[in-house]
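Engineer: Line order of the protein sequences matches chains A and B.
Residue numbering for the first sequence follows this note's numbering, beginning at 1 and increasing consecutively.
Residue numbering for the second sequence follows this note's numbering, beginning at 1 and increasing consecutively.
Since the hints were derived computationally from the structure, they do not count as laboratory data.
Just so you know, nobody snuck in bad clues.
Calculated pairs, SDA-like style, for lysine to any residue (alpha carbon to alpha carbon, straight line, at most 25 Å):
no., chain 1, residue 1, chain 2, residue 2
1, A, Lys44, B, Ala204
2, B, Lys147, A, Glu180
3, B, Lys85, A, Asp285
4, B, Lys128, A, Ala233
5, A, Lys187, B, Lys147
6, A, Lys232, B, Pro125
7, B, Lys85, A, Ala310
8, B, Lys86, A, Gly288
9, B, Lys147, A, Ala161
10, A, Lys134, A, Ala161
11, A, Lys134, A, Ala96
12, A, Lys134, A, Ser206
13, A, Lys232, A, Lys277
14, A, Lys44, B, Gln124
15, A, Lys272, A, Ala300
16, B, Lys128, A, Trp230
17, A, Lys187, B, Ile149
18, A, Lys57, A, Asp47
19, B, Lys219, B, Val79
20, B, Lys128, B, Arg146
21, A, Lys57, A, Asp307
22, A, Lys44, A, Phe276
23, A, Lys232, A, Glu218
24, B, Lys85, B, Pro101
25, A, Lys272, A, Arg225
26, A, Lys232, B, Asn136
27, B, Lys128, A, Ser229
28, B, Lys219, B, Ala204
29, B, Lys86, A, Ala42
30, B, Lys86, A, Ala41
31, A, Lys232, B, Thr129
32, B, Lys147, A, Arg181
33, A, Lys277, A, Ala42
34, A, Lys277, A, Thr317
35, A, Lys187, B, Thr129
36, B, Lys128, A, Val275
With beta-carbon atoms standing in for the labels, derived distance ranges:
no., chain 1, residue 1, chain 2, residue 2, range
37, A, Arg62, B, Ala212, 46 to 52 Å
38, A, Arg60, B, Lys86, 28 to 34 Å
39, B, Leu162, A, Asp47, 35 to 41 Å
40, B, Ser161, A, Gly255, 52 to 58 Å
C-beta atoms are modelled at their ideal positions from N, C-alpha and C, and glycine is treated no differently.
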Amino acid sequence: MKTFLNTALAAGAVAVLIAAMYFLFSRPCREPACSAGYDAAALKRTDPALVLESSLKIIRPRMTNLAAIAVDRGGNIYAGSDAGVEILDSNGTHVASFTAVGPVRCLAVTPDNLVLAGGGDSVAVYAGDGALEKTFCTGAPESMITSVVGASNFVFAADCARRVIWRFDRAGGAPLVIGERDGDQRKAGFVVPSVSFDLAAAADGSLWAVNPGEHRLEHFSGDGRFISSWGKAGLAAPEFCGCCNPAHIALGPGGSFVTSEKHIVRIKVYDKSGVFKGVVCGAEDWPGEAAAPDIAVDPAGRVLALDRRANAIRIYTLATPW
Amino acid sequence: MAGIEKYGAVKLVTRRGFVVGALRALCLTLLGWLGGAAFLRWKCLGVDGTWACGACPDRAACRFAAALPSKPASGRRMVWQLDPKKCIQCGGCAVNCVRQPSAVKCVHSFEMCGYCRLCFGFFQPGAKTLTSAAENQLCPTGAIRRKFIEEPYYEYTIDESLCIGCGRCVKGCAAFGNGSLMLQVRHDLCLNCNECAIARRCPASAFSLVPADRPYLFKPQAGKGQP
Numbered sequence: 001m002k003t004f005l006n007t008a009l010a011a012g013a014v015a016v017l018i019a020a021m022y023f024l025f026s027r028p029c030r031e032p033a034c035s036a037g038y039d040a041a042a043l044k045r046t047d048p049a050l051v052l053e054s055s056l057k058i059i060r061p062r063m064t065n066l067a068a069i070a071v072d073r074g075g076n077i078y079a080g081s082d083a084g085v086e087i088l089d090s091n092g093t094h095v096a097s098f099t100a101v102g103p104v105r106c107l108a109v110t111p112d113n114l115v116l117a118g119g120g121d122s123v124a125v126y127a128g129d130g131a132l133e134k135t136f137c138t139g140a141p142e143s144m145i146t147s148v149v150g151a152s153n154f155v156f157a158a159d160c161a162r163r164v165i166w167r168f169d170r171a172g173g174a175p176l177v178i179g180e181r182d183g184d185q186r187k188a189g190f191v192v193p194s195v196s197f198d199l200a201a202a203a204d205g206s207l208w209a210v211n212p213g214e215h216r217l218e219h220f221s222g223d224g225r226f227i228s229s230w231g232k233a234g235l236a237a238p239e240f241c242g243c244c245n246p247a248h249i250a251l252g253p254g255g256s257f258v259t260s261e262k263h264i265v266r267i268k269v270y271d272k273s274g275v276f277k278g279v280v281c282g283a284e285d286w287p288g289e290a291a292a293p294d295i296a297v298d299p300a301g302r303v304l305a306l307d308r309r310a311n312a313i314r315i316y317t318l319a320t321p322w
Numbered sequence: 001m002a003g004i005e006k007y008g009a010v011k012l013v014t015r016r017g018f019v020v021g022a023l024r025a026l027c028l029t030l031l032g033w034l035g036g037a038a039f040l041r042w043k044c045l046g047v048d049g050t051w052a053c054g055a056c057p058d059r060a061a062c063r064f065a066a067a068l069p070s071k072p073a074s075g076r077r078m079v080w081q082l083d084p085k086k087c088i089q090c091g092g093c094a095v096n097c098v099r100q101p102s103a104v105k106c107v108h109s110f111e112m113c114g115y116c117r118l119c120f121g122f123f124q125p126g127a128k129t130l131t132s133a134a135e136n137q138l139c140p141t142g143a144i145r146r147k148f149i150e151e152p153y154y155e156y157t158i159d160e161s162l163c164i165g166c167g168r169c170v171k172g173c174a175a176f177g178n179g180s181l182m183l184q185v186r187h188d189l190c191l192n193c194n195e196c197a198i199a200r201r202c203p204a205s206a207f208s209l210v211p212a213d214r215p216y217l218f219k220p221q222a223g224k225g226q227p
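Could you put together the complete structure from these sequences and hints?
Structural biologist: Structure (structure tokens):
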């Protein structure tokens, strides 16, 4: 009888110990409390009716820490990283790679196949085989080049820190500043709240630039004269939301636009007048991602998007012709 | 010998009996300790969810408040702080703090701010007009002040006397902006409870003790890790 009581007491003590440990040390609430009444996730959902039908192919460059992509007129794909530039053919097969003089933050290929790699306050110009030809430097302190494009006569570089566009001639001289805020504030200049400031060169030599804080794209002539703009701030799919969108742009066949946005990560297509045509991919396709993917459009009309997390390039082939 | 045993002067204890007695004493001690701890917890949870001895109606009115600040064995004073990188802006800081309004406030890192006209920490999503009208504001207490600097830039400052730490503005700024708004425990308000009532309920485990000489945790600046 005594042994039975002792056993029962010990068993009871152990049971109470387990229950008490659970009661004492378990957290009362492991689930998120009711949100603060602001469902950001709901705002990120894409209306399926707006999604353009497309097929997806993923290619994986050998280089890591990719930061930028570009496409040349032959459809070859260029991927820039901290280490250099890798060149792949249109199917994603490795062709060549070369080391850059510094980390590549933005990338472009000129019509005559020179590779422009921007980073810091300079743009390095490489021949197709990777030989460094020249370097363009803004010469301005605190410059931060976030985008570079090469037109037939000029090289344009977007400087997010100084909030201007630099135009160089092909020799790297005669720098011209475009979009500078003037002293009497009649021109507000570019509003660049973050490091998102992108450019695209049109076939006619003119320039399209994002004014991210104003949520619009602005058109400039080659000599820096403002021509027009389009774009509107808002949460709806045709509009640009967030503090600074679109983060990246590319020009498609016929002058249509492809835009890439951050926060609500989505890639959208607009016609040459800025009329919304549809969404290539929405935030659902970029789970956990907040940064906008760099984009490019190849001569076949495929939309290329850089997936930094996966160190891959997604290639969307739209079913509908441009 | 028989007489001695009769009066109990010498009582022989077997080894088995000693072990059983020790086990019994241990169980009773454990039961007492656990019962007491469970009682205190139940009692303290009954007082607006706070940890206390049960004697106080309110943790803030604790008569032994001097004993509350956490002092680790090393002697270096530690204070509670939340990590903005882990914070999910659930709204718990506004309701779980023993101080009301909460000791957690929104703070603004001006180095990261874009001074945007359309600030998603200030405006309701889909606001019809970009004015400071109450219906456009995201903050339920109007704690954010919007001041025109120059076209098209605006400065946003926090009136901490109105801020309740709900994190709505932080959620908007993090979701659509540079993330310059963030929640922080203000140490001039915090009682630095031994077990922080918010930390105990934080679903993101964003709260931790940090050295009192480095009491704030901020996110990296834009361009240094921010998208």
